[in-house]
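Peer 1: Please build the complete structure, drawing on both the sequences and the hints.
So the protein lines, in turn, are chains A and B.
Under my numbering, the first residue of the first sequence is numbered 1, with each subsequent residue one higher.
Under my numbering, the first residue of the second sequence is numbered 101, with each subsequent residue one higher.
A portion of the hints provided could be inaccurate.
Subject to a maximum C-alpha distance of 27 Å in a straight line, what follows is the list of computed DSSO-like cross-link-like pairs (lysine-lysine) [to be verified]:
#  : chain 1 : residue 1 : chain 2 : residue 2
1  : B       : 140       : B       : 110
2  : A       : 57        : B       : 140
3  : B       : 157       : B       : 140
4  : B       : 102       : B       : 140
5  : B       : 140       : A       : 19
6  : A       : 10        : B       : 102
7  : A       : 57        : A       : 40
8  : B       : 102       : A       : 40
9  : A       : 40        : B       : 157
10 : B       : 102       : B       : 157
11 : A       : 40        : B       : 110
12 : B       : 119       : A       : 2
13 : A       : 10        : A       : 57
14 : A       : 40        : A       : 19
15 : B       : 157       : A       : 19
16 : B       : 140       : A       : 40
17 : A       : 2         : B       : 110
18 : A       : 57        : A       : 2
19 : B       : 119       : A       : 40
20 : B       : 119       : B       : 140
21 : B       : 102       : A       : 19
22 : B       : 157       : B       : 110
23 : B       : 140       : A       : 10
24 : A       : 2         : A       : 40
25 : B       : 102       : A       : 2
26 : B       : 140       : A       : 2
27 : A       : 10        : A       : 40
28 : A       : 57        : B       : 119
Partial list, derived from the structure: chain A residues whose beta carbon lies under 7 Å from chain B [unchecked claim]:
#  : residue
29 : 6
30 : 30
31 : 32
32 : 35
33 : 36
34 : 37
35 : 38
36 : 39
37 : 41
38 : 43
39 : 45
40 : 46
It is worth saying that the hints were derived from the structure and are not from the lab.
In this text, all values refer to a predicted model and were calculated from it rather than measured experimentally.
Glycine included, C-beta positions come from ideal geometry on N, C-alpha and C.
There are 2 protein chains.
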Amino acid sequence: MKARVTITPKRAVLDPQGKAVQNALEHMGYSGIAAVHVGKYLEIEFASGDTPQIRQKLDEACRRILSNPVIEDYSLVIDES
Amino acid sequence: MKARVTITPKRAVLDPQGKAVQNALEHMGYSGIAAVHVGKYLEIEFASGDTPQIRQKLDEACRRILSNPVIEDYSLVIDES
Numbered sequence: 001m002k003a004r005v006t007i008t009p010k011r012a013v014l015d016p017q018g019k020a021v022q023n024a025l026e027h028m029g030y031s032g033i034a035a036v037h038v039g040k041y042l043e044i045e046f047a048s049g050d051t052p053q054i055r056q057k058l059d060e061a062c063r064r065i066l067s068n069p070v071i072e073d074y075s076l077v078i079d080e081s
Numbered sequence: 101m102k103a104r105v106t107i108t109p110k111r112a113v114l115d116p117q118g119k120a121v122q123n124a125l126e127h128m129g130y131s132g133i134a135a136v137h138v139g140k141y142l143e144i145e146f147a148s149g150d151t152p153q154i155r156q157k158l159d160e161a162c163r164r165i166l167s168n169p170v171i172e173d174y175s176l177v178i179d180e181s
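Peer 2: This is the structure we're talking about:
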């Protein structure tokens with residue numbers, strides 16, 4: 001089982017890293033960009049299969065450890081395999 | 101138009117950040133984790149719609165600027181809207 005976690009800054013929060021990437025891209029000739037948001041991506045592989053218990057613990061870990069819920073949103077996608 | 105870019109370390113490359121997250125999760129009582137990989141996530145918003153030209157420039161930007169193709173893989177997903 002594999003979980004994919006995407007953590008992005010909330011829209012209301014300043015994203016200086018995204019702004020820096022946007023400026024760099026424009027500076028290098030890539031025009032027409034309205035906004036860039038930079039976040040984190042985690043792939044977590046589990047030895048066991050998908051269970052409601054693992055899913056619940058993973059959601060808790062995302063909220064408590066992997067993201068900062070004050071300034072970040074996360075999305076959790078679980079791949080069955 | 102919005103493009104979502106996910107940049108992950110290649111499997112053959114050491115991922116100390118992923119290992120650190122794995123150790124931290126195990127230390128905090130989340131067991132059964134086989135591996136963690138940490139990457140970057142970018143959302144790029146365009147003022148204009150999707151065109152083959154933008155798509156090609158974006159792919160080039162991913163390869164040349166946003167990722168390091170020696171040690172990283174990237175995946176590019178374009179949301180039509």
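Peer 1: A separate judgement is required for each hint: does it hold in the structure or not?
Peer 2: Evaluation of the provided hints:
no.	hint	result
1	B:140 - B:110	holds (13 Å)
2	A:57 - B:140	holds (23 Å)
3	B:157 - B:140	holds (20 Å)
4	B:102 - B:140	holds (17 Å)
5	B:140 - A:19	holds (15 Å)
6	A:10 - B:102	holds (17 Å)
7	A:57 - A:40	holds (20 Å)
8	B:102 - A:40	holds (17 Å)
9	A:40 - B:157	holds (23 Å)
10	B:102 - B:157	holds (14 Å)
11	A:40 - B:110	holds (16 Å)
12	B:119 - A:2	holds (16 Å)
13	A:10 - A:57	holds (23 Å)
14	A:40 - A:19	holds (16 Å)
15	B:157 - A:19	holds (19 Å)
16	B:140 - A:40	holds (5 Å)
17	A:2 - B:110	holds (17 Å)
18	A:57 - A:2	holds (14 Å)
19	B:119 - A:40	holds (15 Å)
20	B:119 - B:140	holds (16 Å)
21	B:102 - A:19	holds (16 Å)
22	B:157 - B:110	holds (23 Å)
23	B:140 - A:10	holds (16 Å)
24	A:2 - A:40	holds (17 Å)
25	B:102 - A:2	holds (26 Å)
26	B:140 - A:2	holds (17 Å)
27	A:10 - A:40	holds (13 Å)
28	A:57 - B:119	holds (19 Å)
29	6	holds (5 Å)
30	30	holds (5 Å)
31	32	holds (5 Å)
32	35	holds (4 Å)
33	36	holds (5 Å)
34	37	holds (4 Å)
35	38	holds (6 Å)
36	39	holds (4 Å)
37	41	holds (4 Å)
38	43	holds (4 Å)
39	45	holds (4 Å)
40	46	holds (6 Å)
The structure fails none of the hints (numbered hints given earlier).
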